[in-house]
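*Asks:* All chains, please: the whole structure from these sequences, using the hints.
The numbering used here puts the first residue of the sequence shown at 416, with every later residue one more than the last.
Hints are computed from structural coordinates only; laboratory data are not their basis.
No residue lacks a Cβ here, since even glycine has one placed at the ideal position from N, Cα and C.
EDC-like cross-link-like pairs, simulated, lysine to aspartate or glutamate; straight-line CA separation at most 20 Å:
#1 882 <-> 909
#2 702 <-> 712
#3 702 <-> 638
#4 882 <-> 906
#5 882 <-> 892
Have a look at the derived ranges for each label pair, beta carbon to beta carbon:
#6 730 <-> 888: 27 to 37 Å
#7 686 <-> 773: 55 to 65 Å
#8 689 <-> 709: 28 to 38 Å
#9 506 <-> 689: 37 to 47 Å
#10 447 <-> 712: 41 to 51 Å
#11 739 <-> 800: 20 to 30 Å
#12 639 <-> 785: 49 to 59 Å
#13 861 <-> 787: 19 to 29 Å
#14 773 <-> 800: 17 to 27 Å
#15 649 <-> 517: 26 to 36 Å
#16 689 <-> 729: 53 to 63 Å
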Amino acid sequence: MQQFDGIEYGRSAAVVAGLAAQLRAVSRSLAVTIMVLAALVLVGRLAADQALPSFVEAVTFSTTSAWLFLLSSLALRLEDAGGGTLRRYGYLCALGALAGAGMCMGALAGYGLADAAQTGLGLEDGSFMSPQAGVAFVLLAVSLLILDWETRSGVRPAQYAALGVGTIGLVTVVGYLNSVPSVYQPTAFHPISIHEAIALILLAAAVLAARPERGILRLLISDTAGGFLARSTPAVVILVPMAAGWFALKGLRLQWYGEGAAISLLVFGTMVFFSILILRIARTLDKADQRHAAAEELLRLRARQRAAVAELSQRALAGADSLSLARESVLLVMDALRVTAGEFLGIDGDEGPLVVQVGMGPEFSGGADQSPLAARVMVSGQPLVIDDLPAEMQVQEPRLETLGMMSAALIPVLSATQMYGVLAAYATEPRSFTEDDIHLLQTVAAILAAARDRALAEDAVRLSEQKFAGLFRSSPDAIAVVRVADRRVLEVNDGFEQMTGYAREEVLGSSINDLNLWNEPLAIVGDTETNPSALNMELPFTVRSGDVR
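*Replies:* Listed below in structure tokens is the structure:
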């Protein structure tokens, strides 16, 4: 999996880097916290001397729920440890929690509610729990047993079971918040305490966060619009309506207003809240869309730049003349970087400096050494980037000030052995040239330098060939160029024609063996096996008239 700009990319959707690890750490912390809390409650309850009376009085866990919390949190921690043996122990703890919750619910199922009210069934000390508490612990134990089970469609049933546990705990908290005992204390049953309800919510969250890369939690860590909504809205969507309902109900009980006013205020507050939430989400998504559109436009721009650079390279390989190639390079830079003007300033040559300007107004006749900025680049041999030209005090360029240029980027056009000039891009508004912009300028400059190197090399070869041809033609000696492989004559000079009497057209392509010029033609071209070369050998030869010379 690769990472870029804080986002990991793999075969599936991109996820926010590090968020999955943070969720797993939160899951482990919650499991350990609840495990320690339940253990301390049990120690305080079981100790003969009541070693922790104040703590037990503060934390309203029943003995049964404390045991179930201890087994469930221990099971989650062991299953998350990674080792095979520890994971099996975790499954055993989850089975113990399931058996304990099932026994409590089974005991209640053997009695009617009336019998339970008459006999108590030990409810006064919390030995038996309410049906919703039993369902919550059964779902919790089941979610731990199937924590890593996933269907073919990618669904993790354990996460939905954990959501059921969290829902029961949240309903209980709302009942306590609004002082509605019927929500958390069914008739004749021991109620779920506020601490137990909060512990159920936290333990359900720990189960959900234990495997964040799979199931519905995958959406939470994804770097998409859905992932943003999943991360930003649940907390406020749950807490704000709870607070609004509490305020409305509290005012109604204090007789600040009637039932109709309470409902109206609750509806109005909910409308305002969700309107603000939708506006915030819309702004965030709009910014995300703008960034996405800008990224796509940048990709298209880079693709056009690569295509333009490839076309310029082909033109350079095809042998385009220097002036045309320099102009095409300047136009490419202006289009790719979206700048106001550009120029190529060459150094002085035999025919004067090569100067190409686009968008610069009156032509500048001087070469690179006549421009202060270009001269600075030529001396350093390094790119020069100026984001704010008027503030640049080291080097002044009056012609650029006259044209209103605010930013500039200049790149030396040089090969390994020679400096050819400077390629420049100018903008009439302040802007920052990025590393990609500088890389593009350097690429175009390298193409110009390579094309100039090639042109100079071709000129040198052509001049050498002309000199050789002149010497070959004007030599008074007879000179013949013979191919060793088949001993055929490739070229002869005027001296050969005069000395042998053969015309040039008669001997070209003929074998020296057929011409009978030399008695030992093999010695003339050398025996490739025994005598690969022959030098300063004097041999008689027969001219066309038959005379031997």
